[in-house]
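Produce the entire structure from the sequences given, and follow the hints as far as they go.
There are 2 protein chains.
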Amino acid sequence: MANPNEHLKNFHRKVPEGDERERLVCRDCGFIAYENPRIIAGAVVEHEGKILLCRRAIYPQKGKWTIPAGFMEIGETPAEGAAREAYEEATAQIEIRDLLAIYSVTHISQVHMMFRARLKSPEFSPGIESLEVALFDWDEIPRDDLAFPSVHWVLNHYREAEGKSGFAPFTNPT
Amino acid sequence: MANPNEHLKNFHRKVPEGDERERLVCRDCGFIAYENPRIIAGAVVEHEGKILLCRRAIYPQKGKWTIPAGFMEIGETPAEGAAREAYEEATAQIEIRDLLAIYSVTHISQVHMMFRARLKSPEFSPGIESLEVALFDWDEIPRDDLAFPSVHWVLNHYREAEGKSGFAPFTNPT
Numbered sequence: 005m006a007n008p009n010e011h012l013k014n015f016h017r018k019v020p021e022g023d024e025r026e027r028l029v030c031r032d033c034g035f036i037a038y039e040n041p042r043i044i045a046g047a048v049v050e051h052e053g054k055i056l057l058c059r060r061a062i063y064p065q066k067g068k069w070t071i072p073a074g075f076m077e078i079g080e081t082p083a084e085g086a087a088r089e090a091y092e093e094a095t096a097q098i099e100i101r102d103l104l105a106i107y108s109v110t111h112i113s114q115v116h117m118m119f120r121a122r123l124k125s126p127e128f129s130p131g132i133e134s135l136e137v138a139l140f141d142w143d144e145i146p147r148d149d150l151a152f153p154s155v156h157w158v159l160n161h162y163r164e165a166e167g168k169s170g171f172a173p174f175t176n177p178t
Numbered sequence: 005m006a007n008p009n010e011h012l013k014n015f016h017r018k019v020p021e022g023d024e025r026e027r028l029v030c031r032d033c034g035f036i037a038y039e040n041p042r043i044i045a046g047a048v049v050e051h052e053g054k055i056l057l058c059r060r061a062i063y064p065q066k067g068k069w070t071i072p073a074g075f076m077e078i079g080e081t082p083a084e085g086a087a088r089e090a091y092e093e094a095t096a097q098i099e100i101r102d103l104l105a106i107y108s109v110t111h112i113s114q115v116h117m118m119f120r121a122r123l124k125s126p127e128f129s130p131g132i133e134s135l136e137v138a139l140f141d142w143d144e145i146p147r148d149d150l151a152f153p154s155v156h157w158v159l160n161h162y163r164e165a166e167g168k169s170g171f172a173p174f175t176n177p178t
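Protein chains in written order, with our numbering: chain A, 5 to 178; chain B, 5 to 178.
Calculated directly from the structure, the hints in this document are not laboratory data. Among the clues, some could well be false.
Since the list gives no way to pick one copy over another, a pair counts as held whenever it fits inside one copy or between any two copies.
When the alpha-carbon atoms are kept at most 20 angstroms apart in a straight line, the in silico EDC-like pairs for lysine to aspartate or glutamate are as follows [to be verified]:
1. K168 to E50
2. K13 to D32
3. K68 to D148
4. K124 to E84
5. K168 to E77
6. K66 to D23
7. K168 to D102
8. K68 to E136
9. K18 to E77
10. K66 to E133
11. K66 to D148
12. K68 to D143
The structure is reproduced here in structure tokens:
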């Protein structure tokens with residue numbers, strides 16, 4: 005298997021002039037590869053009381069179920085990112101309702117911004133990153149086969165927020 | 005003046021294998037410099053009814069007033085980032101209360117997460133990025149000399165949220 009850090013072979017860690025932290029700096033050209041936390045934008049998408057889940061076709065957690073979510077791209081808002089991911093992973097057109105939760109996953113430097121959303125129409129199919137896409141009744145969610153802790157958290161918080169609006173977003177469970 | 009993009013001289017834009025978007029790729033070593041939105045973490049810090057502001061010692065907007073805020077670093081939560089920035093810019097120890105607002109500034113790919121906070125003790129002084137730090141009564145805030153639109157927004161939203169708790173964070177004004 006190829007070394008996943010092969011592309012970093014020219015980089016070393018040093019404190020750039022005027023900075024206070026070590027950064028990844030290219031030995032050849034001086035490029036500074038700043039590492040900042042990245043935003044994962046996602047949505048709990050509901051249709052007639054059921055929740056849309058995608059079974060992952062990619063690593064990590066290939067074969068496990070998740071809500072549509074992924075790295076926010078430049079030029080979009082978090083809500084737009086969540087809607088784009090729902091389209092990419094499930095060819096689903098969604099209407100964002102509100103912000104449900106913000107989770108910090110510090111060991112991998114991610115901030116997850118999770119929205120509540122509805123399907124605009126009951127049409128969906130697996131995108132390139134999904135093996136399968138389906139609507140689940142609450143009691144039929146495959147809890148033993150969810151991809152990430154934050155999927156558990158957000159589904160529980162979705163349930164807790166039912167019937168509420170205008171609330172402070174949920175955060176990491178303690 | 006040096007070319008600010010000198011460090012990118014070895015990079016060109018191409019769609020990496022398996023990707024769908026153009027990325028900045030180093031011609032020499034293949035390093036992909038992913039550009040994702042970055043989080044600005046900041047806080048409206050109150051002490052005995054006054055608001056803590058810093059006058060910027062750095063560009064952009066050198067000489068203008070702002071709340072303590074800056075790029076979130078890896079390994080921290082947004083709230084920890086806001087507290088660190090208050091310490092770096094104003095040597096202020098703060099207690100984070102709650103999340104006040106989330107702004108998307110898409111043209112510069114930033115997401116601003118702004119908290120409400122209190123000074124733990126009335127001690128502060130200019131950090132290396134500040135010319136001056138001071139507490140302002142609401143009516144004395146230098147409105148014509150604020151550094152960024154989001155500083156206006158967050159101060160107005162702070163005022164609007166007074167006496168409230170458990171609310172959905174404010175977003176960009178329309």
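Against the structure, the hints:
no.: 1; hint: K168 to E50; in the structure: within (15 angstroms within a copy, 30 angstroms between copies)
no.: 2; hint: K13 to D32; in the structure: both (11 angstroms within a copy, 11 angstroms between copies)
no.: 3; hint: K68 to D148; in the structure: within (9 angstroms within a copy, 53 angstroms between copies)
no.: 4; hint: K124 to E84; in the structure: within (15 angstroms within a copy, 37 angstroms between copies)
no.: 5; hint: K168 to E77; in the structure: neither (30 angstroms within a copy, 33 angstroms between copies)
no.: 6; hint: K66 to D23; in the structure: between (39 angstroms within a copy, 18 angstroms between copies)
no.: 7; hint: K168 to D102; in the structure: both (11 angstroms within a copy, 19 angstroms between copies)
no.: 8; hint: K68 to E136; in the structure: within (10 angstroms within a copy, 53 angstroms between copies)
no.: 9; hint: K18 to E77; in the structure: between (28 angstroms within a copy, 16 angstroms between copies)
no.: 10; hint: K66 to E133; in the structure: within (9 angstroms within a copy, 45 angstroms between copies)
no.: 11; hint: K66 to D148; in the structure: within (14 angstroms within a copy, 54 angstroms between copies)
no.: 12; hint: K68 to D143; in the structure: within (17 angstroms within a copy, 55 angstroms between copies)
When held up to the earlier numbered hints, the structure conflicts with hint 5 and nothing else.
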